[in-house]
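There are 2 protein chains.
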Amino acid sequence: MNKQELFEEIKKKQSFLCIGLDSDLTKIPSHLLKEKDPIFSFNKSIVDATANYCVAYKPNLAFYECNGVEGWISLEKTIDYIQTNYPHHLIIADAKRGDIGNTAKMYAQCFFEKMKVDAVTVAPYMGKDSVTPFLGYTNKWVILLALTSNEGAKDFQLQQNKEGTPLFEEVLTASQKWGNEEQLMYVIGATQGELFKKVRQCVPNHFLLVPGVGAQGGSLKDVCRYGMNKTCGLLVNSSRAIIYASHSFDFAESASRAAKQVQTEMAKELSHLL
Amino acid sequence: MNKQELFEEIKKKQSFLCIGLDSDLTKIPSHLLKEKDPIFSFNKSIVDATANYCVAYKPNLAFYECNGVEGWISLEKTIDYIQTNYPHHLIIADAKRGDIGNTAKMYAQCFFEKMKVDAVTVAPYMGKDSVTPFLGYTNKWVILLALTSNEGAKDFQLQQNKEGTPLFEEVLTASQKWGNEEQLMYVIGATQGELFKKVRQCVPNHFLLVPGVGAQGGSLKDVCRYGMNKTCGLLVNSSRAIIYASHSFDFAESASRAAKQVQTEMAKELSHLL
Chain A
0 MNKQELFEEI
10 KKKQSFLCIG
20 LDSDLTKIPS
30 HLLKEKDPIF
40 SFNKSIVDAT
50 ANYCVAYKPN
60 LAFYECNGVE
70 GWISLEKTID
80 YIQTNYPHHL
90 IIADAKRGDI
100 GNTAKMYAQC
110 FFEKMKVDAV
120 TVAPYMGKDS
130 VTPFLGYTNK
140 WVILLALTSN
150 EGAKDFQLQQ
160 NKEGTPLFEE
170 VLTASQKWGN
180 EEQLMYVIGA
190 TQGELFKKVR
200 QCVPNHFLLV
210 PGVGAQGGSL
220 KDVCRYGMNK
230 TCGLLVNSSR
240 AIIYASHSFD
250 FAESASRAAK
260 QVQTEMAKEL
270 SHLL
Chain B
0 MNKQELFEEI
10 KKKQSFLCIG
20 LDSDLTKIPS
30 HLLKEKDPIF
40 SFNKSIVDAT
50 ANYCVAYKPN
60 LAFYECNGVE
70 GWISLEKTID
80 YIQTNYPHHL
90 IIADAKRGDI
100 GNTAKMYAQC
110 FFEKMKVDAV
120 TVAPYMGKDS
130 VTPFLGYTNK
140 WVILLALTSN
150 EGAKDFQLQQ
160 NKEGTPLFEE
170 VLTASQKWGN
180 EEQLMYVIGA
190 TQGELFKKVR
200 QCVPNHFLLV
210 PGVGAQGGSL
220 KDVCRYGMNK
230 TCGLLVNSSR
240 AIIYASHSFD
250 FAESASRAAK
260 QVQTEMAKEL
270 SHLL
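Line order of the protein sequences matches chains A and B. According to numbering that gives the first Met the number 0, the stretch in the first sequence is residues 0 to 273, in order. According to numbering that gives the first Met the number 0, the stretch in the second sequence is residues 0 to 273, in order.
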């Protein structure tokens, strides 16, 4: 999916919601635990219940890897299910990988050729040759960590260099030499408020993947005020607030309602734009 | 395995070699491809052939993930085989993970509770709360990326802050507040030469995991000159130069010879110490 196609999906669905599939055996409704593959059953129900209200799904790989081989099977089945039934939804593997050239190449093959996802999150610490192997695929996206939503973002990402430029800005600036706005998005945490202005000065046209709305406390209104551009330019992620809206038999209906509520707010924000 | 136990193993084997299991279906001897699990067969032979000459094995997760579920099975079997047959070898999951607190906790469970490896490589970009969830396990190690061996290390790791301190030194300094030398090691690339002096000024007593000797061109002598401390303090990794010493039927014997050769050089370096 290219940038224009993504924007078309956003306009069509009146939503720029990405739903994070942080699916955890200890948090899904207990009646699902008797199923053969509880995580896949959960994901399938969540996806069916929310697909009308979102444009992307983001499985967080930690939640699958922690179940070993079985977790990996759940993940592959989930991706296959979305691709088969909802082929216009972007699938983002939230993997935050980053390694030297020949290893990054293996990760790129893993995500783009084997799993066939549309996008993968990548960590910038190891520099250019850890990112470029992911950029050789048409209509596939690298979503580079820039300014994250967590407390630890302050430790290094906000550290300023000699010119007073914080590290996350160096990442934004340097990475634009590695790929263009049809290949690169950036992770910018919803909790970062006015720093979105600085982000938009560096990358006015790129899409941003924005976690941290919902459970982590970020505000959708603020994110839109400072972060929205003329092609929307935002994928706002919500995980726990939607997929765990209920822990009971009505979990799918509750997730649907929660997603619809976010979508309604997003439609209002998009109305300023369209 | 704690720090003293690791040092005892190093003295006993006269080696501080870590062998990287970057096992790749396109590079292992072709006669193994008819086996049911070629990667596991390859790893088993490599481990049996080299265990006398090394103190650690480091499977690089990219090479397993790229084969999906089958790759994950090969990885679990490899780890189980080493743990069962060579329980005094340190197993390092080279995963370079890094994510916010609740996700980092899932990764920590994955590696330390499910896979039961001894150590995992972690990326520092997201700061303290992306690292501390890995530090709550006794006799388990976080190996934090600091100064890597690749060209891209220059892009951000060597960038200086206002005080002239490069980012990798900030990582070394900040992380010492998060954990101690019984919990933390650092990745320092063998290609970094004299920068090892700076590293040792920051972390005189920590173990360093040093990739980049061999295929990437780093020198063992230089690494030892600048990086060795009174408890050795080094785990020097070699992957391709050992596991792919031959691509034919004699691959295991060739790997054994290559590992023994490195071990012989390491014994000389250790003689200055002991």
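Everything labelled a hint here was simulated from the structure, so no lab data went into it. One thing to keep in mind: the hints can contain errors.
No copy labels: a pair is met if it fits in one copy or bridges any two.
[As the list claims (entries may be wrong)] Calculated lysine-lysine pairs in the DSS-like style (CA-CA distance at most 25 Å, straight line): (1) K259 <-> K104; (2) K259 <-> K26; (3) K76 <-> K220; (4) K127 <-> K220; (5) K113 <-> K76; (6) K153 <-> K104; (7) K76 <-> K35; (8) K267 <-> K12; (9) K161 <-> K259; (10) K229 <-> K115; (11) K161 <-> K197; (12) K113 <-> K259; (13) K10 <-> K267; (14) K113 <-> K196.
We went through each hint and held it up to the structure:
1. K259 <-> K104: Neither: 38 Å inside a chain and 30 Å across chains, both beyond 25 Å.
2. K259 <-> K26: This pair counts as within: shortest intra-copy Cα distance 22 Å, inter-copy 50 Å.
3. K76 <-> K220: neither (35 Å within a copy, 49 Å between copies)
4. K127 <-> K220: Close neither inside one copy (34 Å) nor across copies (28 Å); limit 25 Å.
5. K113 <-> K76: both (13 Å within a copy, 21 Å between copies)
6. K153 <-> K104: For K153 and K104, the Cα distance is within 25 Å only across copies (20 Å; inside one copy 30 Å).
7. K76 <-> K35: Classified as both: same-chain Cα gap 13 Å, cross-chain 23 Å, threshold 25 Å.
8. K267 <-> K12: within (12 Å within a copy, 68 Å between copies)
9. K161 <-> K259: neither (46 Å within a copy, 47 Å between copies)
10. K229 <-> K115: neither (29 Å within a copy, 49 Å between copies)
11. K161 <-> K197: both (18 Å within a copy, 20 Å between copies)
12. K113 <-> K259: This pair counts as neither: shortest intra-copy Cα distance 32 Å, inter-copy 37 Å.
13. K10 <-> K267: within (12 Å within a copy, 68 Å between copies)
14. K113 <-> K196: Neither: 37 Å inside a chain and 42 Å across chains, both beyond 25 Å.
When each numbered hint is compared with the structure, violations occur for hints 1, 3, 4, 9, 10, 12 and 14.
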